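Visitor: Residue numbers (our numbering), protein chains in the order written: chain A, 1101 to 1215; chain B, 16 to 129.
Where hints are given, some of them may not hold.
Unchecked claim - Here are the simulated lysine-lysine pairs, DSS-like style, with alpha carbons at most 30 Å apart: (1) B:26 x B:72; (2) A:1171 x B:72; (3) B:32 x A:1142.
Bear in mind the hints are in silico, worked out from the structure with no lab data behind them. Quantities reported herein were computed from a predicted structural model and do not represent experimental measurements.
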Amino acid sequence: QQQVKQSPQSLIVQKGGIPIINCAYENTAFDYFPWYQQFPGKGPALLIAIRPDVSEKKEGRFTISFNKSAKQFSLHIMDSQPGDSATYFCAASKFSGAGSYQLTFGKGTKLSVIP
Amino acid sequence: GAGVSQSPSNKVTEKGKDVELRCDPISGHTALYWYRQSLGQGLEFLIYFQGNSAPDKSGLPSDRFSAERTGGSVSTLTIQRTQQEDSAVYLCASSSGQGVWGYTFGSGTRLTVV
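All chains should be built: construct the whole structure from the sequences, respecting the hints.
Guide: Right under this line is the structure:
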């Protein structure tokens, strides 16, 4: 059972466009929603994160929109650049019964920004 | 160190062999996680270490997988009798406290079982 569903699987936009990546979750126990950016051969790096009591968060050109009632959240990249070409993962965190906080990841979106 | 260091970066092994993957977390980080990233999939949680507490092994896919963390620092993930489906990138992450805040991932070990 996939607890965090991410779409689209891949995305191609022109430079300056605004790619939007969507995620949906089922478990209302999730309490933290980060986005990670991963370049080939590298580990994922935290990009931006939001808590469910906030509807929007902006950091530079990256914005998370969060809809708690719909259990959906999305990443918007303003004025996208070729350097933004990477794989993006959404994730959700909750405290597990075994005493740890685990991240559950979506399957990723491969973004290509064309010059 | 400045970041999470994993070794080797690439490992090719024959089916049935045992492999050991190493993770050096950021100095002072008490929490350490192992994840597996298969082609076209997201990251799958394997195991979590926090200080001197018993590890959370709930994500290990079979008893062929085990991990240990010595002295609260370096961790080793061992896969016994490797299978082709074990081929994946194995990622280690550490953080300074309990929880996922301040997670830093290493670059991973790409394991190929032939």
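Visitor: Is it true that the CA of residue 1171 of chain A sits at most 30 Å from the CA of residue 72 of chain B?
Guide: holds, 28 Å
Visitor: Just to be careful, I want the Cα atoms of residue 32 of chain B and residue 1142 of chain A compared with a cutoff of 30 Å; is the pair within it?
Guide: holds, 26 Å
Visitor: Tell me if the straight-line CA distance from residue 26 of chain B to residue 72 of chain B falls inside 30 Å.
Guide: Since the Cα atoms of residue 26 of chain B and residue 72 of chain B sit roughly 23 Å apart, the hinted pair holds (cutoff 30 Å).
Of the hints listed earlier, there is not a single one the structure fails to meet.
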